[in-house]
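Fit chains B, C and D to the known structure of chain A by using the hints.
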Amino acid sequence: MILHEYEARNLFLRYGIKVEDACLADSPDKAKECCRNVPAPYIVKAQVRVWSRGKLGLIKTADTPREVYRVAKDMLSKKFKGRNIDKILISHRVKTKRELYLSILLDRDSRSYTIMAGTLGGVDIEDIAKSYPESILQINVNPLIGLNPYVARYLSSHLKVDKESIWNLVGNMYRLFIDNYCELVEVNPLVLSGNELIAVDRKIVIDDSAARIYSHLRGFWEQYLEELTKEERLSIIHGFSYVELEGNIGIVGNGAGLTMTSMDLIYLEGGRPGAFLDLGGGANAERVRIALEILMKNPRIEIIFVNILGGITRCDEVARGIVSLVSKYRKPIVVRLAGLRENEGRKILENAGIKVFSQLQEAIREVVYYGSTGG
Amino acid sequence: MILHEYEARNLFLRYGIKVEDACLADSPDKAKECCRNVPAPYIVKAQVRVWSRGKLGLIKTADTPREVYRVAKDMLSKKFKGRNIDKILISHRVKTKRELYLSILLDRDSRSYTIMAGTLGGVDIEDIAKSYPESILQINVNPLIGLNPYVARYLSSHLKVDKESIWNLVGNMYRLFIDNYCELVEVNPLVLSGNELIAVDRKIVIDDSAARIYSHLRGFWEQYLEELTKEERLSIIHGFSYVELEGNIGIVGNGAGLTMTSMDLIYLEGGRPGAFLDLGGGANAERVRIALEILMKNPRIEIIFVNILGGITRCDEVARGIVSLVSKYRKPIVVRLAGLRENEGRKILENAGIKVFSQLQEAIREVVYYGSTGG
Amino acid sequence: MAVLVDSNTKVVVQGITGREGSFHTSEMLKYGTNIVAGVTPGKGGTKVAGIPVYNSIREAITAHPEITASIVFVPAEYASDAIYESIDEGINLIVVVTEHIPVHETLRFVIYSKYRESIIVGPNTPGVISPGKAKVGIMPARYFTPGTIGIISRSGTLMYEVSWQLAKHGLGVSTAIGLGGDPVTGLNFIEAMEFFEEDDETEVVILIGEIGGKQEEIFAKAYLRGKFSKPVIAFIAGRSAPPGKKMGHAGAIIMREQGTFTSKVKSLLNSGILVAEKLSDIPKLVGKVLKSVKM
Amino acid sequence: MAVLVDSNTKVVVQGITGREGSFHTSEMLKYGTNIVAGVTPGKGGTKVAGIPVYNSIREAITAHPEITASIVFVPAEYASDAIYESIDEGINLIVVVTEHIPVHETLRFVIYSKYRESIIVGPNTPGVISPGKAKVGIMPARYFTPGTIGIISRSGTLMYEVSWQLAKHGLGVSTAIGLGGDPVTGLNFIEAMEFFEEDDETEVVILIGEIGGKQEEIFAKAYLRGKFSKPVIAFIAGRSAPPGKKMGHAGAIIMREQGTFTSKVKSLLNSGILVAEKLSDIPKLVGKVLKSVKM
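Chains as they are written, first to last, in this note's numbering: chain A, -13 to 361; chain B, -13 to 361; chain C, 2 to 296; chain D, 2 to 296.
Just chain A, with the same shape it has in the complex (with noise of 0.2 Å):
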């Protein structure tokens, strides 16, 4: 999960590190109040989950409180991946003498934690990369053993910053990354002003296991479910994984390989996929009836084919529950289905006029021809 930008900044203040005055509103005269605490001139930012929100135009700069609140306005009234963005960081611009770029990252391939260290902040990490390789500091750090002193002394000579601040930082953001699971925290920029070095704009991201399980992950995981459609919220709790995509054919299937798959053929055989829903492990026909019902639910959804490869679930169940669905919903479904009691399964299903295949791409073929007849 994405944390919110104030929330990464909230946890950036309790790990005792140094951000630029900034104030939270949901309203322009919020905004405008927050203008009364905090120093023009400003940069107003959507709080919204998303990477790159400069490029998006959901930041913008004002030299006044007049402005912010102009600013805040236009904002507040926006949608954003459909949901309102309801909430803007008001936040003092800090002159800078230069603007750096630091990150610790979980890197997966190496099996240790990298710090990422750029002289050019403020920009997209990712284009920098491209354009000025050499700008870019890594340095792996192994969990077990934590940092070492010499990361400061690389640190200090790659971006020319005292060895002891930059220490200071890099231990406090390493704490904050470790503490709450972080799978990233990054600070872009990382300003030089004066002496001091003050974490201007950042990201969280939190390890959803871990906020499902730890009591102090709780508030940003509740914030964050509170978020989301009741489809999503519930896709959650059950373990789903559940993606909105834009075409018109609803995909559930039981394991992420399975499903994105059952995806590139459909694809591939010229079919438009509009839903994504793997059902994880353990697939029983509880868990499959409440994934269909989400894409029943979903007006986008003309047609959905369900991909069960089950073995251990019984498939007369869950042929059961697919039945019990579709009299209520009407919307056609192909089904294929293998595993325990698959022919009891497959009578039950063919008497309620869905169709059943045990191959794969017979089955792809039918939906993606259902898809493109509009069912």
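The hints are simulated quantities; they were obtained by calculation from the structure and are not laboratory data.
Some chain B residues well away from chain C (every beta-carbon gap over 10 Å; in silico): (1) Asn70; (2) Val109; (3) Asn158; (4) Glu230; (5) Arg258; (6) Asn270; (7) Glu288; (8) Glu352.
Examples of chain D residues toward chain C, derived with CB under 10 Å: (9) Ile112; (10) Tyr113; (11) Lys115; (12) Tyr116.
Calculated cross-link-like contacts (lysine-lysine; reagent style DSSO-like; alpha-carbon spacing at most 27 Å): (13) Lys215/C with Lys115/D; (14) Lys341/B with Lys169/D; (15) Lys48/D with Lys146/A; (16) Lys228/D with Lys11/C; (17) Lys16/B with Lys46/B.
Note that the coordinates shown come from a computational prediction; the quantities given were computed from them, not determined experimentally. In this text, a Cβ means the ideal position worked out from N, Cα and C, and glycines have one as well.
Chains B, C and D only, in chain A's frame:
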């Protein structure tokens, strides 16, 4: 360095571990006064840096303040290994349900820490290990991982104590162990009184190398140095290993292996080693001179064997250092010398009437002969 | 022969008294897997499917010193502790079925397992099966028939699917290893391939990858350098996945992680590895390779 | 052939500008060791004995990617940091001369080096010498002549002594490894022996142990189990040491550590290893063994 028990007790307190009521005294009067704050019955323990004080008669019980006074007077008038016993600890004798044993040590061979937990505490753990090995549970803890919760499960089930209490205790002991660079943290006995675990007697050994360089250990280190003889202190400052033995031959060598081997050979030839002094690395002329002076001043030493296999050391310099001392102290010296400018060194020594050998075995025979004839 | 598990593997089940643990203990026993003990703290002295339950791994090993492997069904909150317990007690192979273990915890115990020379499969894995010999996992047995093809898969259900398609073409599997769907796992493609490279019985290996991470690219590089001699056929799921989305366990799509479908397929092809466009192409490709191997 | 170091070894000296570092850099260069760079933070850009100095290992490796080994002269307070730096930058062999590194720190970086597959020799070691090829250490060259005998020693000066006695009997050394005098070291006897076991040139190995710890006993057990095929001759220092005393670096004599002279000699003899009573017996024993090897 073995900490004094009262130092260990203070550390335990600082790490939130429950200990018995106690009071440090340096006179019989002070000991009696202690009894105002420490409830009867009592246990009086000499504060000396040694293993198994019980067996050595350095721990006595007392039931009344008057008895404490008597025991204290007796104990404080004694010497231990040539030094006055100048501090005693007056402890409350805790009523116990059961006496247990718990320690954490650094195990060089398994490259890990080891937790040892015994159901039979209050007696010598080595005796217990021989007679009742099944009463001791061992758990290895990897330094990069630290304590896992299962350790509490194992300890609780072996010691038959509440899981949460033992988890707290072992966690605090572990932090103490790590923070203070301990080779050993031991509680014996660990007393179960009511439902509380009380660390009634303790032993801590701290790594000298850490005590040398880390400021938070400096207090212990300086106290330790203060209690040494001038010669021992000098040895430590210069990084020598100095051990006094029973015989009359003083042995100086560079490198523990070579010095020990010299000692072994003298012993095999029937000589009696009286002191062992390993110069450690870097046998330069100045270090050789200081080391020799320590042995020259030791009244038990009648003859000195110097074994320098330098290679990089300039032998002529070493020789001049030796010669300057010989005239001053007049104890016979046998030298085995090899290294840079070996011949020049040999000449200088021989001119001063000192026998020089390049073969170890021959030199040893000469020393033993000298040693048994009284020089 | 087979890799990782066979009829000599002696298994302890961690979390045996739970719903999943007890169910799959029965299933594994039915398949012939040699399960000798179970562990659930506080449930020592009971039995599950006739298998004795102990309070700790040490108790289990004291009673059954022949134990060589563990399978972990312990819930995410307690899974790491159970895994450390097994590593510390010297168990060689630990199959972690548990889902949703925080990735920081996985990172730590995976690194530690390398130091202690324990092999961890998973987390979030269906496990390992050597058809006809033993399964230490939760895969449905019916899709697997014995043979000479090794399978290494990041996805569980795709592993079943592929094995099934092979079976329908008369092709069987020596061992199928589910690496597990989490971003960090105990075995990766290279480490799993090392076992197959050493296995006399395995003639060809199918590698089932997916978008996210760079494991497939790293494997391709090692293959190109000549680290392995056996032929490999690959399949990558996720060609149609929109960028920047988490598709199931396809891993956190954090920026700077390039593992796209295109980059994976490109580096595999570049290393002389056959890449199947569709799952259904795999048996054909295997057939071709086996013919060339035989020559 | 030789083990660990030879004329292809490219060395960086950590702490090159210190008194010890600069002196031994010259000595190693005189011996022919291939030293290509030195590191001292803050002293980058200078030279020592003609060798360029860098601020960090990464800078040194960027300028000299051929570096394969490091020798560490950094004082105890900063030594661990320097060692982690070298491990993390992928240096294969790290020889740690520094004395008095706290044992908790050594424990940590030694464990870490195993995970990263770096070889650490020491701390508190004279280093490694392959006579006639290279020395990465502080041993006096004059005592070593080339030959077919491997030496593994916990003591530095005893290693010189033994090599010298061999030389006087016309016997030479393939490689001599000083394990280091500290209680915990990177290589132990078994790990060092593994290198010699693989080395075609080494015919017999001399193991120089001392009281304290149980390394010699553990080695003996492994030898008894048949882990090694080459003949081993052992010598143990400390037969006359009084119990419970620290004799130089002979290790912390913490209670429960049995490593006495008697237990060591007993288990070595028990494993079929010849044990020399006196140092001066070693050449004779080697001669005997070599004769039987030749037959």
